[in-house]
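Peer 1: Please model the complete structure; the sequences and the hints are all you need to start from.
Protein chains: 2
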Amino acid sequence: MTETGGEGGTTWGSGAVRATVEAYWAAAAAHDWEAFGATLADDVVYDLPQSRERVRGKERYVRFAREYPGDRHIRVERIVADGEGAGAAARTSVTVGPRELSAVHFFTFDARGRIDGVTDFWPEPYDPPADRAHLTERY
Amino acid sequence: MTETGGEGGTTWGSGAVRATVEAYWAAAAAHDWEAFGATLADDVVYDLPQSRERVRGKERYVRFAREYPGDRHIRVERIVADGEGAGAAARTSVTVGPRELSAVHFFTFDARGRIDGVTDFWPEPYDPPADRAHLTERY
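Protein chains in written order, with our numbering: chain A, 1 to 139; chain B, 1 to 139.
Hints are computed from structural coordinates only; laboratory data are not their basis.
Idealized CB from N, CA, C, for every residue including glycine.
To be clear about the criterion: a stretch of chain A counts as covered by chain B if any three or more of its residues have a C-beta under 8 Å from a C-beta of chain B, and this derived list gives those stretches:
1. 41 to 51
2. 100 to 111
3. 123 to 137
Peer 2: Here's what the structure looks like:
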């Protein structure tokens, strides 16, 4: 990782941020919870805005990820790594049994480049409203 | 906007990408559809993965945005602008009548820095599963 200091504090480049997010997903996919924990700050906060659940701290969050039920296969579709190194976003496709879900994830980073905030969204499929069918196609 | 050329094509900095996303939201909030359209490429594609709806082209997409029912108030909570200038992500809080919803948006950009892809997610609230209450708190 390249550290580019500034008077206002430490700034991480988008390359370092991207690499950390990739390491986070690779570790989760491999069920390598030590490597997963190494991407996280000790005081990481995990938020689920849809259920308003929060998990505080690396130990609890690693346990949360480890205990998550079902056999999941996660494919990372896109990572957006902030040019100022302060954040990242990702889209994943998660297969849980026969279901394929899209998930969206936002990350923030501490001054050492570790993930100190994760916010996950799990958007569910819905039927399209009829009043816009004149403008849309289905895919 | 600053254009930093490269052999592989044109790369837009994260500052330019962020400014375009900010202009997109400001125009939507002001119902200024000319300014909204100016942020878009002619061949912009708008995707809603939850309903698998797609809107093709600037004209249709501006109309889609203009015709969207209800009085919406949109607050931009976070913009992540890719350091390589290829994409961006945003979180917004959208108030539609008495309801407040979180929305998530991904953007891609053409070589001239205009938005050529928008993907929106509308995650709905859900009740937390009981089997992880030992690790979570509510907020």
